[in-house]
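A.B. asks: Residue strings, one per chain:
There are 2 protein chains.
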Amino acid sequence: MKNIIIASTSTLHESGYLEYLLPELSVHFKNCKTILFIPYARPSGITHEEYTEKAALAFAKINIAVKGINEYEDPIDALQNAEGIFTGGGNTFLLVTQLYKNNVISTLSDVIKKGTPYLGTSAGSVICGLSMQNTNDMPIIYPPSFQTLGLIPFNINAHYLDPDTQSKHMGETRETRIKEFHSFNTIPVLGLREGSWLDVKGESITLKGNLKARLFKQNQIAIEIQTGSDLSYLK
Amino acid sequence: MKNIIIASTSTLHESGYLEYLLPELSVHFKNCKTILFIPYARPSGITHEEYTEKAALAFAKINIAVKGINEYEDPIDALQNAEGIFTGGGNTFLLVTQLYKNNVISTLSDVIKKGTPYLGTSAGSVICGLSMQNTNDMPIIYPPSFQTLGLIPFNINAHYLDPDTQSKHMGETRETRIKEFHSFNTIPVLGLREGSWLDVKGESITLKGNLKARLFKQNQIAIEIQTGSDLSYLK
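As they're listed, the protein sequences go chains E and S. Under the numbering used here, the first residue of the first sequence carries the number 1206, and numbering increases by one thereafter. Under the numbering used here, the first residue of the second sequence carries the number 1206, and numbering increases by one thereafter.
Don't take every hint at face value.
Put simply, identical chains are the same to the list, so a pair is met inside one copy or across any two.
[Stated by the list, open to error] Here are the simulated lysine-lysine pairs, BS3-like style, with alpha carbons at most 30 Å apart: (1) K1266 to K1318; (2) K1373 to K1422; (3) K1319 to K1440; (4) K1266 to K1306; (5) K1440 to K1259; (6) K1306 to K1413; (7) K1259 to K1422; (8) K1238 to K1384; (9) K1319 to K1413; (10) K1417 to K1440; (11) K1373 to K1319; (12) K1373 to K1238; (13) K1373 to K1384; (14) K1373 to K1413; (15) K1373 to K1417; (16) K1272 to K1384; (17) K1384 to K1259; (18) K1266 to K1373; (19) K1440 to K1272; (20) K1238 to K1422; (21) K1259 to K1373; (22) K1238 to K1259; (23) K1373 to K1440.
Rather than coming from a laboratory, the hints here were simulated on the basis of the structure. Since the model is a prediction, treat every value here as computed from it, not as a measurement.
Can you build the whole structure from these sequences, using the hints too?
C.D. replies: See the structure below:
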């Protein structure tokens, strides 16, 4: 049975790394002494080791050890034997490229579908969707494919931002960008605001946190989704 | 001799489409009765025809006719015979995909290098660089390659935005994204603010407009470039 947390962000303004999620994570990973960390997204270009250390410092607060997938000779074996898995944020293009190049993308999907508890934040959440096509990231590397884990039947736009009505900037709003996606794609897109997450238990998908989320479907007006809503009907 | 305008944006806040550029364009395209428009980037998903009509309305003010490349049976022939060329903004992933799928990317590069006057705005400017890897756009379609026209020896970040020091949003700033690019790539990146453009005449590349631009190089602190500066030394 799937057991997944898909969080918009790792970090809230003026709060520590993963701090707002720790109460939830201590329940989510309650049967884990050690979790496997996937640091491939390398935020600001930090190394795998630096990023794993950052995750370890946060999880130490709930007495869970963290080991980077890069520390294993056989990453497929590491995934298959993991008690829990966390993929951190950073650059989605880099993360997806590394998942393909290290040949772990199908194993990662399989073990999560079989029930290994998973946490994704930001880019680590975007990959839970059908494709990475609603990332906000810059295409700093060319991935072999945009297809991702397909753990949920829609796509995620992390760090969702409402249009700034005061702005004089003419770059596209997030909503415009997602509408452009829907000129060519039928996949629904959930805009997850920072502080929101999805709690996936088997086939149920529940919006958690204090905020609403914004749901975009092709040829439909976007709607606000109340926290606590079940989104498993989407496809 | 190359004769190119590479503009950050088509439109300034509270101004009409291309309005701020029209005086410059009437000189740039002074020998053109008709220019060829490449509408492939389809902003907000509008059709090629709608987008061409929008460009035609703006160019009518300086007595230049506009014809969409989509109106020609043979787009390669259309490019080779164009008096001038304009590629409008929209989604860079879509624009690049269409340039490759219609097999026009090398011809477009060739005719501009041979001297056909060219205007790019936004996505149409991003493609003037070595690669499209500093676009801000959402990857709504998977292009065959990120490589672009290589008309200048660096990349463009259009609609460059300075960090908002008041923001509580935790998504990456533009500068952070470009720094992530430089963890893996050596190509310099010029952040062009809305209202700035590059004027390329042969091998000289001059920053125009009232604003400074921001130049990012690998392993170096970003610097501000004064308007009027020559950037042809970059590589």
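A.B. asks: Now tell me if each hint is right for this structure.
C.D. replies: Comparing the hints with the structure gives:
{"no.": "1", "hint": "K1266 to K1318", "result": "within (28 Å within a copy, 59 Å between copies)"}
{"no.": "2", "hint": "K1373 to K1422", "result": "both (28 Å within a copy, 28 Å between copies)"}
{"no.": "3", "hint": "K1319 to K1440", "result": "within (21 Å within a copy, 50 Å between copies)"}
{"no.": "4", "hint": "K1266 to K1306", "result": "neither (33 Å within a copy, 52 Å between copies)"}
{"no.": "5", "hint": "K1440 to K1259", "result": "neither (36 Å within a copy, 35 Å between copies)"}
{"no.": "6", "hint": "K1306 to K1413", "result": "neither (33 Å within a copy, 42 Å between copies)"}
{"no.": "7", "hint": "K1259 to K1422", "result": "between (36 Å within a copy, 27 Å between copies)"}
{"no.": "8", "hint": "K1238 to K1384", "result": "neither (43 Å within a copy, 35 Å between copies)"}
{"no.": "9", "hint": "K1319 to K1413", "result": "within (23 Å within a copy, 58 Å between copies)"}
{"no.": "10", "hint": "K1417 to K1440", "result": "within (19 Å within a copy, 46 Å between copies)"}
{"no.": "11", "hint": "K1373 to K1319", "result": "neither (48 Å within a copy, 37 Å between copies)"}
{"no.": "12", "hint": "K1373 to K1238", "result": "neither (50 Å within a copy, 34 Å between copies)"}
{"no.": "13", "hint": "K1373 to K1384", "result": "both (21 Å within a copy, 25 Å between copies)"}
{"no.": "14", "hint": "K1373 to K1413", "result": "between (33 Å within a copy, 20 Å between copies)"}
{"no.": "15", "hint": "K1373 to K1417", "result": "both (26 Å within a copy, 17 Å between copies)"}
{"no.": "16", "hint": "K1272 to K1384", "result": "between (39 Å within a copy, 27 Å between copies)"}
{"no.": "17", "hint": "K1384 to K1259", "result": "between (36 Å within a copy, 20 Å between copies)"}
{"no.": "18", "hint": "K1266 to K1373", "result": "between (43 Å within a copy, 25 Å between copies)"}
{"no.": "19", "hint": "K1440 to K1272", "result": "neither (35 Å within a copy, 40 Å between copies)"}
{"no.": "20", "hint": "K1238 to K1422", "result": "neither (40 Å within a copy, 43 Å between copies)"}
{"no.": "21", "hint": "K1259 to K1373", "result": "between (37 Å within a copy, 21 Å between copies)"}
{"no.": "22", "hint": "K1238 to K1259", "result": "within (17 Å within a copy, 61 Å between copies)"}
{"no.": "23", "hint": "K1373 to K1440", "result": "neither (36 Å within a copy, 32 Å between copies)"}
In this structure, the hints that do not hold are numbers 4, 5, 6, 8, 11, 12, 19, 20 and 23, in rising order.
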